[in-house]
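Chemist: Turn these sequences into a full structure, and let the hints guide you.
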Amino acid sequence: MPTLRGSVNGIDSLERLAMGKSPIHRLHPAVKLATTIAYVITVLSFPSRDVSGLMAFIFYPAIIMPIAGIPYRLLMGRLMAALPFSLMGGASNLFFLREPAFVLGSFSVTFGMLSFVSIMQKTLLSVLAVLILAATTPFADITRQLTRLGMPRVISLQFVMTYRYLFALISEAYSMFTAYTLRSPQTRMIQMKDMGSFLGQLVLRSFDRGENVYQAMKCRGFQGVYNSGARFAFRFADAAYSLVFLSVLFALRFFNLSVFLGELVR
Amino acid sequence: MKLEVVNLNVKYDAEDARRALRGVTFSLSDGERVALLGANGAGKSTLLLTLVGVVHPESGEVAIDNAITTKDTLRHLRSKVGMAFQNPDDQLFMPSLYEDVAFGPRNYGVSEPEIADRANAVLTQLGISHLRERMTHRLSGGEKRLAALAGILVMEPSVLLMDEPTSFLDGRSRRRLIEILRGLPQAMLIATHDIALASELCGRTILLQEGQVRADGDTKTILADAALLDECGL
Chain V
2 MPTLRGSVNG
12 IDSLERLAMG
22 KSPIHRLHPA
32 VKLATTIAYV
42 ITVLSFPSRD
52 VSGLMAFIFY
62 PAIIMPIAGI
72 PYRLLMGRLM
82 AALPFSLMGG
92 ASNLFFLREP
102 AFVLGSFSVT
112 FGMLSFVSIM
122 QKTLLSVLAV
132 LILAATTPFA
142 DITRQLTRLG
152 MPRVISLQFV
162 MTYRYLFALI
172 SEAYSMFTAY
182 TLRSPQTRMI
192 QMKDMGSFLG
202 QLVLRSFDRG
212 ENVYQAMKCR
222 GFQGVYNSGA
232 RFAFRFADAA
242 YSLVFLSVLF
252 ALRFFNLSVF
262 LGELVR
Chain H
38 MKLEVVNLNV
48 KYDAEDARRA
58 LRGVTFSLSD
68 GERVALLGAN
78 GAGKSTLLLT
88 LVGVVHPESG
98 EVAIDNAITT
108 KDTLRHLRSK
118 VGMAFQNPDD
128 QLFMPSLYED
138 VAFGPRNYGV
148 SEPEIADRAN
158 AVLTQLGISH
168 LRERMTHRLS
178 GGEKRLAALA
188 GILVMEPSVL
198 LMDEPTSFLD
208 GRSRRRLIEI
218 LRGLPQAMLI
228 ATHDIALASE
238 LCGRTILLQE
248 GQVRADGDTK
258 TILADAALLD
268 ECGL
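As given, the protein sequences belong to chains V and H, one line each in that order.
So in our numbering, spot 199 of the first sequence is number 200, and the numbers just go up one at a time.
So in our numbering, spot 2 of the second sequence is number 39, and the numbers just go up one at a time.
The set of hints was computed from the structure by calculation and includes no laboratory data.
Possibly wrong hints are sitting among the right ones.
Straight-line alpha carbon distances no greater than 27 Å define the calculated DSS-like cross-link-like pairs of lysine-lysine that follow [as the list claims (entries may be wrong)]: (1) V/Lys194 - H/Lys48; (2) H/Lys39 - V/Lys194; (3) H/Lys257 - H/Lys48; (4) H/Lys48 - H/Lys117; (5) V/Lys219 - H/Lys117; (6) H/Lys117 - H/Lys39; (7) H/Lys108 - H/Lys48; (8) H/Lys257 - V/Lys219; (9) H/Lys39 - H/Lys108.
Simulated restraints on C-beta separations [as the list claims (entries may be wrong)]: (10) H/Glu268 - V/Arg184: 50 to 60 Å; (11) V/Ala63 - H/Leu111: 53 to 63 Å; (12) H/Gln162 - V/Met20: 21 to 31 Å; (13) V/Tyr164 - H/Glu151: 39 to 49 Å; (14) V/Asp209 - H/Thr161: 44 to 54 Å; (15) V/Ser14 - H/Asn77: 35 to 45 Å; (16) H/Asn46 - V/Leu75: 53 to 63 Å; (17) H/Asp267 - V/Leu203: 52 to 62 Å; (18) H/Asn77 - V/Arg184: 18 to 28 Å.
Chain V is faced by these chain H residues, among others (derived, beta-carbon under 8 Å) [as the list claims (entries may be wrong)]: (19) Glu95; (20) Ser96; (21) Gln128; (22) Phe130; (23) Asn144; (24) Leu176.
A virtual CB, placed ideally from N, CA and C, is assigned to each residue, including glycine.
Modeler: Here's what the structure looks like:
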């Protein structure tokens, strides 16, 4: 349970970062959302063994993170959470694709290894891009832009509310857990025999809280549609950023910078 | 603005013979501050929720300026009567304080510049303008209470209904809230167990017992009647 609370505090620290005032934070949320989507699609569009082509895409986190003032340690910790999935997805390639692709000194590099590394690159770069978006754009602004892009308002409202009440629910669960452990000092976790009533209570409390929230919303004129105020104007900086970003993305997709630099050195 | 409640009866369960409210009748004049006292389960919260149309009465009427509230006029009623819930966490559901304060006016189609003006004025009035961009779940208990109040005041209501406004507050926050409420021009109906708050803030008290109005009159007179208070579980 304390770990769960730690994870929620982690989300919280991302949200606090998103309130920053750097030039990246000040960009229009729609620009950040669109460029992130473009970046992820471009990274995922690379052939499964194109390790060198993907290397240059590190430019995005390497440039944006210092400008936005995002601590590397914070995002790296969250990035690790995605590793097991790509490891599991990529590891099978090591066993099934054993034909050698090239020889590096006395070491034979197989197609499976290239494929494995490429899957890891794609996962890490994509997750990093999404984390950068989350660390530079408040969650409400992201959902607002998703609504503008055509996501139904009722779904964006669900996102906003779920995100907000995640904290309230965890806080509720944590209080219940503390009360439980104080009355059963010999145990560190909830015993299976008590789990049913613990979860049942949590569901009932959540239901109760949901009911109260809905009543409070109705009292302030809510009629099923969340009206978000559009508070952002599209500025010259947004246009310039989009143009430069998409140009670099396009260039890197069709021009292998790693190979070019390798040729220069040789 | 005058709020009138006539012979209000509320029953939560059709099968259950007991009523949560029984024949409640009273009126609230412009700017008047009234304390609603009663033991747990006396019907205080039910009465407040009925006044804003969240709980539907079995019979009886709620009228604003002599216009009886119906299902079709509920929206108008809620723009005039603001309700602060007992637990401010129930009321603060938007990510930042500003977004939460803007929630109500946006639902009523108020323009963004006007929302910004109103929000700034209310946040300054309550002394929490520095928390404007703060995430609502990161606020302290006292700040949450003021934030919830800001979300209501920004709608410029004529009547404030408050359910246990001083619960969860420490001494200093409680004092601050009382001072703020004292300075507000709105009529107020304050459901509370805090007898000191009632005597300090409200000239009139309505005492509820088992869903019925047991006494309605001068606060000092009612609070001086120890036998009556004891009988009503206070």
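Chemist: Please flag the earlier hints that this structure goes against, numbers listed from lowest up.
Modeler: Numbers 1, 2, 3, 8, 10, 13, 14, 17, 19, 20, 24, in rising order.
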